[in-house]
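Engineer: The lines below spell out each chain.
Protein chains: 2
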Amino acid sequence: MSEKTIPYKIYLEENELPTSWYNVRADMKNKPAPLLNPATLKPMTAEELETVFCKELVQQELDDTTPYIEIPEEIRNFYKMYRPSPLVRAYCLEEKLQTPAKIYYKFEGNNTSGSHKLNSAIAQAYYAKKQGLKGVTTETGAGQWGTALSMACAYFDLDCKVYMVKVSYEQKPFRREVMRTYGASVTPSPSETTEVGKRILAEHPGTTGSLGCAISEAVEAATTREGYRYVLGSVLSQVLLHQSIIGLESKIAMDKYGIVPDIIIGCAGGGSNLGGLISPFMGEMLRGERDYRFIAVEPASCPSLTRGVYAYDYCDTGKVCPLQKMYTLGSGFIPSPNHAGGLRYHGMSAVLSQLYDDGLMEARSVGQTEVFEAAEQFARVEGILPAPESSHAIKAAIDEAMKCKETGEEKTILFGLTGTGYFDMLAYERFHNQEMTDYVPTEADLKVGFDGLPKVE
Amino acid sequence: MSEKTIPYKIYLEENELPTSWYNVRADMKNKPAPLLNPATLKPMTAEELETVFCKELVQQELDDTTPYIEIPEEIRNFYKMYRPSPLVRAYCLEEKLQTPAKIYYKFEGNNTSGSHKLNSAIAQAYYAKKQGLKGVTTETGAGQWGTALSMACAYFDLDCKVYMVKVSYEQKPFRREVMRTYGASVTPSPSETTEVGKRILAEHPGTTGSLGCAISEAVEAATTREGYRYVLGSVLSQVLLHQSIIGLESKIAMDKYGIVPDIIIGCAGGGSNLGGLISPFMGEMLRGERDYRFIAVEPASCPSLTRGVYAYDYCDTGKVCPLQKMYTLGSGFIPSPNHAGGLRYHGMSAVLSQLYDDGLMEARSVGQTEVFEAAEQFARVEGILPAPESSHAIKAAIDEAMKCKETGEEKTILFGLTGTGYFDMLAYERFHNQEMTDYVPTEADLKVGFDGLPKVE
Chain A
1 MSEKTIPYKI YLEENELPTS WYNVRADMKN KPAPLLNPAT LKPMTAEELE TVFCKELVQQ
61 ELDDTTPYIE IPEEIRNFYK MYRPSPLVRA YCLEEKLQTP AKIYYKFEGN NTSGSHKLNS
121 AIAQAYYAKK QGLKGVTTET GAGQWGTALS MACAYFDLDC KVYMVKVSYE QKPFRREVMR
181 TYGASVTPSP SETTEVGKRI LAEHPGTTGS LGCAISEAVE AATTREGYRY VLGSVLSQVL
241 LHQSIIGLES KIAMDKYGIV PDIIIGCAGG GSNLGGLISP FMGEMLRGER DYRFIAVEPA
301 SCPSLTRGVY AYDYCDTGKV CPLQKMYTLG SGFIPSPNHA GGLRYHGMSA VLSQLYDDGL
361 MEARSVGQTE VFEAAEQFAR VEGILPAPES SHAIKAAIDE AMKCKETGEE KTILFGLTGT
421 GYFDMLAYER FHNQEMTDYV PTEADLKVGF DGLPKVE
Chain B
1 MSEKTIPYKI YLEENELPTS WYNVRADMKN KPAPLLNPAT LKPMTAEELE TVFCKELVQQ
61 ELDDTTPYIE IPEEIRNFYK MYRPSPLVRA YCLEEKLQTP AKIYYKFEGN NTSGSHKLNS
121 AIAQAYYAKK QGLKGVTTET GAGQWGTALS MACAYFDLDC KVYMVKVSYE QKPFRREVMR
181 TYGASVTPSP SETTEVGKRI LAEHPGTTGS LGCAISEAVE AATTREGYRY VLGSVLSQVL
241 LHQSIIGLES KIAMDKYGIV PDIIIGCAGG GSNLGGLISP FMGEMLRGER DYRFIAVEPA
301 SCPSLTRGVY AYDYCDTGKV CPLQKMYTLG SGFIPSPNHA GGLRYHGMSA VLSQLYDDGL
361 MEARSVGQTE VFEAAEQFAR VEGILPAPES SHAIKAAIDE AMKCKETGEE KTILFGLTGT
421 GYFDMLAYER FHNQEMTDYV PTEADLKVGF DGLPKVE
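Just so you know, the protein sequences line up as chains A and B, in that order. By my numbering, the letter at position 171 of the first sequence is numbered 171, and the numbering carries on one by one without gaps. By my numbering, the letter at position 392 of the second sequence is numbered 392, and the numbering carries on one by one without gaps.
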């Protein structure tokens, strides 16, 4: 197909939307290690997991053999409200960079929650509703996940209790108001509404909270209430499964125009977006059908893949959740408070950790200032204001495109643009005012996290 | 075509995008009255207008006979980055309302500027660039227009000077940062950078500014600088021309599926969105081809159509701009400071004013609280967080759909959803906290504005 016939934006028709999610674990020779019970260090059973998570989601979490899992019609109908998301040819960015590379991005920001998080939120809310639950609880830091979940719960008329890290609750009042618009109750964490919250407040009066503490409160709020379960927006294998919709749509759109990416790039925090984007392409590679380069891009301030260890670790600071084998900086690792975007999680999805350990994926870390430079450059030519998280992928995509300019290679680059930065303007302001710092943890900083790793085997 | 085959979202292909704007004035029997020179009260000549506005835009402003004006390729290429915008069938809202009405909305919020304003901003920036100008100046209140213009200027590498009403500059720092991200300089108005700004600051120390003052500063900044012109985001006929892309795309999409709207609804401030949305449909009616009902929805706090007079008036508080015959509350009218959204302009587009005066369009006003109730109801089922401005149209659309529920009529309703409310969360917060007030001007309030109308003939 001739170059000129590829439109700026490729939208699929509704009847071209995937009807199943793709479970990359089914094609992995080395499966992710099982979740362990934090008390017994034995693999978690479905029954144990079902006290915290919805029944069908537990099945999805444990299923590493079924390649395709049908997307229920109710979820497909919701997807139709904002999907397919556009696959965009970045003609303007290519022109600006004067690169022979062909750059595409899958844009997930065109829904009110502003990010890809909605893809899994609606699935998790659906299964909670189907199970006859009254509601779900969760934690949120920056607020993207909480926003997505609030929206999903409003749609299925489920109660939604969000524990929001207190400092974010105070600094990001607009995120809070979006969640309230969707009918969620938002509690600053730590709070007096849970035992663990009270204990932490007693021990640390005046604390501004942490994600670990908010997780603990959300889990307690779910497990001590009749008809509630806890839900999570990243890291879990079920989340990667739901997010595979990103990669599946990308692949259908590219196949339609005969486009084959050479390099696929995604930002990586807990791995929800990256895992979703690369899954179907990785599947092809795992089945020996085609080769790709996959690049995970993480912040230099929270470098779980590039500087972490592959080990069993706690998923939360409160150590109430199952242990997971993953690339991790240790649950005690504290990312810099000056770090702007999300991508602050100490660990990485078990699926991506295993793929990385098997040498099937590359990883690199980038600094905060260069990320915002890339974001601004992108915004000015492509007309989308990217979230700081997404901009990690933009930075790497620009770097790869500039390498092509040096070598003259016409590589095709695909990256995931996970969301918009409308609620991140404080960070942009710091960038404009040159008040942004580029924190890189020292070896001593990392040792704190590594020293806290659990002893397993 | 059977009901079921209409998708949630109708996207046109790139080759279906309109290649010309539609100039509804060409089909109007009663043309809008000419702009008058404020000094001589004689019709403004092109030469006079060209000292303030770009040459080609002056031609478009004065042209009331050419029905179709070609969209230059450069603008079409930019449009392709975010257009066609989706025409959405509000299946979920219909279901929620249990109405037999079929509701469609044309959603203009899927671009970084977050609103339809970009459609005209890119056109105005293009003509400025083509004329070889260095830059443009403008004013912005809430910031939607300033954001759109900044983005357009970044694309064409034009300098962009935005005078932002000081109170908004301070209360909406995030809007300011978006503009800075696109490279615009944003000056709180009144400022020391202009003579008029200095004079106002001397007369009213500590003033927080007004749109009228910001216009005066922007016009002075343009006319006293080599290579600059002033641009405006609403009210002008050229703006309605550019915004006709909204209606043209809607019509192509509806024709494709055999959908004929009975009622077309838009929010109305200066008229840019409403005029753009209804233009091609109004053209059909003016040519006697088909009948529609058109409804302009304005805030009860700034009711230029429903409670204003049809008269020549000043377009700005500083009285430096041409006089325009329009429905107006008088340039001295002060809308309530508690009014949340835009739609605060004292007058209305000359085109829409004439159509309204000819009985071709209806108008109604709605209260602020009921608008936010409609906004929240819409957000929860349709998954889009609407701007307060856009929500005026949502309110009227829901009202019409509920009438259909009473009568059992299966009317087809089309409304314009102009943008997203990401930067309006302070207003949503007031709504959630029940701190929102419903200001309606008294007859005495209106008299202040009417008494200041210029004496023309």
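Keep in mind that the hints were calculated from the coordinates and are not lab data. Hints are not guaranteed to be accurate.
Identical chains share a label here; the pair holds if one copy fits it or two copies do between them.
[Unchecked claim] Derived pair list, reagent style DSS-like, types lysine-lysine, alpha-carbon separation capped at 27 Å:
1) Lys9 - Lys256
2) Lys31 - Lys319
3) Lys9 - Lys80
4) Lys325 - Lys411
5) Lys130 - Lys55
6) Lys256 - Lys80
7) Lys130 - Lys42
8) Lys96 - Lys80
Engineer: Since the copies are identical, ignore which copy is meant and state whether Lys9 and Lys80 lie within 27 Å (CA to CA) inside a copy, between copies, both or neither.
Structural biologist: Answer is both; intra-copy 17 Å and inter-copy 8 Å each pass.
Engineer: If the cutoff is 27 Å on CA atoms, where do Lys256 and Lys80 land: within, between, both or neither? Let me know, please.
Structural biologist: Both: 20 Å inside a chain and 19 Å across chains, each within 27 Å.
Engineer: Is the C-alpha distance from Lys325 to Lys411 at most 27 Å within one copy, between copies, in both cases, or in neither?
Structural biologist: Neither: 35 Å inside a copy, 58 Å across copies.
Engineer: As a check of your reading, is Lys96 near Lys80 (CA-CA no more than 27 Å) within one copy, between copies, both or neither?
Structural biologist: between (34 Å within a copy, 17 Å between copies)
Engineer: Measure nothing new, just compare the shortest in-copy and cross-copy C-alpha distances for Lys130 and Lys42 to 27 Å and report within, between, both or neither.
Structural biologist: neither (30 Å within a copy, 71 Å between copies)
Engineer: For Lys31 and Lys319, with the copy left unspecified, which applies at a CA distance of at most 27 Å: within, between, both, or neither?
Structural biologist: This pair counts as within: shortest intra-copy Cα distance 24 Å, inter-copy 73 Å.
Engineer: Given identical chains, is Lys130 near Lys55, meaning Cα to Cα at most 27 Å, within a copy, between copies, both, or neither?
Structural biologist: Only inside one copy: Lys130 and Lys55 sit 10 Å apart there, 62 Å across copies, limit 27 Å.
Engineer: Should Lys9 paired with Lys256 be assigned to within, between, both, or neither, using CA atoms and 27 Å as the limit?
Structural biologist: Both. Shortest intra-copy (13 Å) and inter-copy (20 Å) distances satisfy the 27 Å Cα cut-off.
When each numbered hint is compared with the structure, violations occur for hints 4 and 7.
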